[in-house]
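As a plain string of letters, each chain reads:
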Amino acid sequence: MAVMTVLEAVRTALGEALDADARTFILGEDVETGGVFRATEGLKARFPGRLIDTPLAESSIVGVSIGAAHYGMRPIAEIQFADFIHSAFDQFVSEASRWSYRTRGESSLPMVVRTPWGGGVHGGQHHSQSIEAYYTHLPGLKVVAPSFPADYRSLLRASVDDPNPVLFLEHKRTYRLIRQEIDGAAAETVIGRSRVTRRGGDLTIYAYGLMLHESLAAAESLSAEGIECTVVDLLTLLPLDVETILETARNTGKVLIVHEDTLTGGFGGEIAALIAEHAFEYLDAPVRRLAAPDIPAMPYAHAMEAFFMPDRDKIATAARELAAY
Amino acid sequence: MAVMTVLEAVRTALGEALDADARTFILGEDVETGGVFRATEGLKARFPGRLIDTPLAESSIVGVSIGAAHYGMRPIAEIQFADFIHSAFDQFVSEASRWSYRTRGESSLPMVVRTPWGGGVHGGQHHSQSIEAYYTHLPGLKVVAPSFPADYRSLLRASVDDPNPVLFLEHKRTYRLIRQEIDGAAAETVIGRSRVTRRGGDLTIYAYGLMLHESLAAAESLSAEGIECTVVDLLTLLPLDVETILETARNTGKVLIVHEDTLTGGFGGEIAALIAEHAFEYLDAPVRRLAAPDIPAMPYAHAMEAFFMPDRDKIATAARELAAY
Amino acid sequence: MTAKERRPRSKETIDQYLLSEQQLEEMYETMLLARRLNERMLALNRQGRAPFFIGGTGQEAAQVGAAMSLKRGEDYLVPYYRDLAMNLVFGMSAREAMLNLLAKKDDPHGGGRQMPSHWGVGSRKVVTGGSVVATQLLHAAGIALAAKMSSDPIVVLTCCGEGSTSKGDFHEALNFAQIHRLPVIFYVQNNGYAISESTEKEMPIAHVADRARAYNMHSASVDGMDAIAVYQTVKPAVDQARRGGGPFLIEARCYRLGAHSSDDDDSRYRPKAELEEWTQKDPITLFRRRVETDKVFPPEELDEIEERVTAEVQDAVEWATNQPDPAPEDALGFVYRE
Amino acid sequence: MTAKERRPRSKETIDQYLLSEQQLEEMYETMLLARRLNERMLALNRQGRAPFFIGGTGQEAAQVGAAMSLKRGEDYLVPYYRDLAMNLVFGMSAREAMLNLLAKKDDPHGGGRQMPSHWGVGSRKVVTGGSVVATQLLHAAGIALAAKMSSDPIVVLTCCGEGSTSKGDFHEALNFAQIHRLPVIFYVQNNGYAISESTEKEMPIAHVADRARAYNMHSASVDGMDAIAVYQTVKPAVDQARRGGGPFLIEARCYRLGAHSSDDDDSRYRPKAELEEWTQKDPITLFRRRVETDKVFPPEELDEIEERVTAEVQDAVEWATNQPDPAPEDALGFVYRE
Ligand SMILES: Cc1ncc(C[n+]2csc(CCOP(=O)(O)OP(=O)(O)O)c2C)c(N)n1
Ligand SMILES: Cc1ncc(C[n+]2csc(CCOP(=O)(O)OP(=O)(O)O)c2C)c(N)n1
Ligand SMILES: [Mg+2]
Ligand SMILES: [Mg+2]
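For the record, the sequence lines run as chains A, B, C and D. With this note's numbering, letter number 13 in the first sequence gets 13, and the count goes up by one each step, no holes. With this note's numbering, letter number 247 in the second sequence gets 247, and the count goes up by one each step, no holes. With this note's numbering, letter number 159 in the third sequence gets 159, and the count goes up by one each step, no holes. With this note's numbering, letter number 288 in the fourth sequence gets 288, and the count goes up by one each step, no holes.
To be clear, the hints were calculated from the coordinates, so they are not data collected in a lab. Glycine included, every Cβ here is placed at the ideal spot set by N, Cα and C. Any given hint could be a false lead.
These stretches of chain D come out as covered by chain C in the derived footprint (C-beta under 8 angstroms, 3 or more residues) [claimed, not checked]:
hint	region
1	154-168
2	196-205
3	208-217
Just need the whole structure built from these sequences, with the hints factored in.
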């Protein structure tokens, strides 16, 4: 048993993946010296020739990974910040996500693109973004967004082993903030399954990343007030675990969907829509979303950043209202 | 009074915009000879020097437009097919949509990016796409998607006059298919307002583009069966006309959201979520979405394309079920 | 009667070509087959039997000369939508070409999921691509990187048009490939137009090959109407890349003798005189004239090839027309690999 | 006592510089102010008073020499995050620089909405930018296009680092600008690193200026540690662009004397000896030595400047610290312009 941070879990999984399969390699900006968050630190010495510093050009990082995966390698690409992935969007939309479909499964792309996302780190407009809304609309791609170190480790391993392209989202605020005891063996977590992290009969909260931790903290304090929440850690955002989402919604009849991203067009709309269609008869209250306000990007100055980010207090307030409905 | 197709309405509005304001100009691939859909045909001769054929590079088309708009011009860019806009995504996300916000309104970008979207034209995977889901998640940008020629004309004029960046979506299947009598003066349509195109008490259908026409056709045939539909032409997708959406949902208690894009993560989720939260108490049935299946892109072969596309029959079937709920 | 007896003057000439007699025959036959297929495809489109056609008429020499420089079954081809002739070199039959045009269920390039001319067959090492130009240049670099890391002595050849060299992905691909000295040939078919835009609107340089100078990359510009010259230029570049000499940018100067696609009306922008001038340089006519002058083949043999090709195309159309279409529900499936 | 009387030997020398005495003084003072501000900003970061700092230490000569070539109030500057010194040339005060660092409500560059060093003030023609590298090169081309269409005789100067020249947007911007012969200077500050990556990982060429050859664009590579040489290179390019001579790619060879940013530990990847070598070429020391040798200013005058700058920085910190922070709800608003 060892206590690991999210960052250590990621680094551990990368080392394990490089160890387990000679076809794996890592590419990205500054990865040879460990990367700006030090997720790849120490790996170059252990795995000579299998870390590749790329030029500063994100479309090439993803495009080259596609080619290498088609050849039969298992590239693990790092995009330094999720905010810089947009110039590679075309390679995701037009190429990676369609590869298996258009070859009718003859070729698939066993590649992972890891990237740190999310705010609360004084990263301002271009180092704080949530990008899941764009990528969860790409059938053919998988999108994974864990919250706890053990899941980071096991889902990153599973992502590398997956024959399909996976976008692996690492919430940068949690890198050093969240710790957990981890078994020697990777926990059994499977891409495509969410987890009910806490059970309570009054309402269900759906979240991922930093917001999952904020939701758990809110649930804890609400429990002291007598409001019992179910909390679902979504873990995989595409393909979604619709079954768990609907089951918990039906059980509690009230739902609160939380994300750090802005509201309109955010990923929460999909969950709300699923519930409003398929759990409609069980609903006892409006389907509630809590998200950042509709402004173009997270501001840098502390007060504005805090205003932007949902947190345990805002979640508790929303949950309290919902419970009282 | 003149009968115009969608394409003629677009061409007319472009000519009017160039006429009305010397700061306007048109740039894009092949626009000097009229463009592949001939939307700019004849304009070069009328407005010498104000149409610019660009190199084949979409990020530059949008990025150059941003610079020109900042300077004080009013560029109208054409992206030849919506499917080719993705490499310019970064310029939308990181730059255009944030310009006013980050300068606190000191500078804004009066620019329009027009692009033909949608399927049903045997365009296959890369000439049929719906792209609204990505762009309706960009506060700071406006997204306009008309259905009728008169609205194309007036909303394109309004988009050019708008001080903010506007993505103007033209459904290519409707270019020559849909005709309408248009007054000499442009109709009074305002960015940010939807229109109730048809009123009926049994349910409300929300749609835009080609699907609006399919929805109207379905509503017509349902009426013969005694099912009366309200049909809302959304017209502007961002910012959304929440008021009209909620009012119609509350009136009919049953809603059907239709789009041509694939289901999961599609724009319909946002409308469903709004209704499930803010019209919850008025709902008499599950919030229903009808969309294309979750596959990476529209297939080319006729039978598969037809299978992919929602149409009047599929809409009528869904509406019938809903009415019977 | 041996070949030598039959054509006493041809042997030395053939040696100069660096191509065997058999290769020259293949070259001619493949160019001709591509041409006849393209002609027939356009006709099928005009008859309403194929909603879309895009072809490579005028670029046959550029394509066949280059593709024949590769090792089939080993080297990778990452083509673009005009490369029918390259695909023929890599093993595509006329029947298969027609399956693809007609988007039939058994089309091996995706079974009707993509527009025609979006080829890809794994077993042949022809790599699937979309319509968005220049994305494939990065895939080619990625394949070359993987091969280099695996000490696999293959070469990747990828194609695009000159207009596509304006895209960011072109730059990123060449930059990456040269930094890592990858075995990849960037093969640009400069046919003078990007739809309606002539080259001076697309690039501020006289030759696409000049773009290599930004990357310190080997480059060449070759007369793409001359299949033999193309082969003589591309083959050494491929050999050099295979030996670890790094990437190459090669421009084949050719001409788009047809419209951009079945949706395009090129009379709106193309000067008639220009088209006529280039028609004089038709690569197939040129090739035939040259091998006839050099007496490589007797005219009868060339005529035989012509007949064979005509029959093949006719058979292909008839056969493919009767193949099953995809079923509606075939649209589903293969979204993910299990 | 006139300047001539005071420094009899300097006049001819100054003429060689192509800069007036006043300009030379400005050059020195601005470089020094940028340096002292950057030093103080890093200190404030280390004291926990500013969450983030990114600076231009080592690039002051490259920046001041270039910015002084422009017409302030007329020409456009489209900077990148290291260009503090350029902004000072364009009218930014020390106080304003600190407002920006501390993300204060009245920071004119967005009032705390962006990270520090993301400048933009419309009235000064300094154009707002994000963190994503190279996007701004296209904005610069767009401004230049608009100016050319408006017959407005301005020049646009835009900056990035050498690492950023690998991005697709760099290529698309240069290609576009040269095709349309736009009045824009692409000014690349080659400081040897892109975070931890040294130049050979970023580009396969010795000089960024070589990239111009792909576009048939004018180019120059200048010693970016020498402010006077920079001015003498950039000024004629700006003049030529203003006269309609088209764009220019200029590389200033300099060095990042500090870490990438306050989040970076450059000891992990940078050889100590290399840093020491470049420290010898510190642009401010070099400048001072040169003007002293040439007796342009008496030493006392340089010392006076030093004192003035120190006081200015001290005042700026004290003043800015006491300015109001943005309110939480300031996060809303200005999403759209009405
Ligand atoms: C990114 C992108 N933008 C636009 C298009 C539409 N389009 C298809 S082919 C073409 C012209 C390509 O010209 P070139 O690269 O010279 O190739 P050619 O067709 O001449 O062989 C254009 C603009 C596209 N396919 N991809
Ligand atoms: C598109 C993009 N990718 C990654 C980053 C993260 N990043 C910030 S600065 C930088 C290095 C830039 O190097 P260079 O262009 O040489 O400029 P320098 O910082 O050396 O002045 C990187 C990788 C970014 N800002 N934008
Ligand atoms: Mg071409
Ligand atoms: Mg640098």
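Coverage of the region 154-168 of chain D by chain C, judged on three or more residues with CB within 8 angstroms: The restraint on the region 154-168 of chain D holds, since 3 of its residues have a Cβ under 8 angstroms from chain C and three suffice.
Claimed coverage, the region 208-217 of chain D by chain C - three or more beta carbons nearer than 8 angstroms: holds (count 8)
Do three or more residues of the region 196-205 of chain D come closer than 8 angstroms to chain C, measuring C-beta to C-beta? holds (count 6)
The structure shown violates none of the earlier numbered hints.
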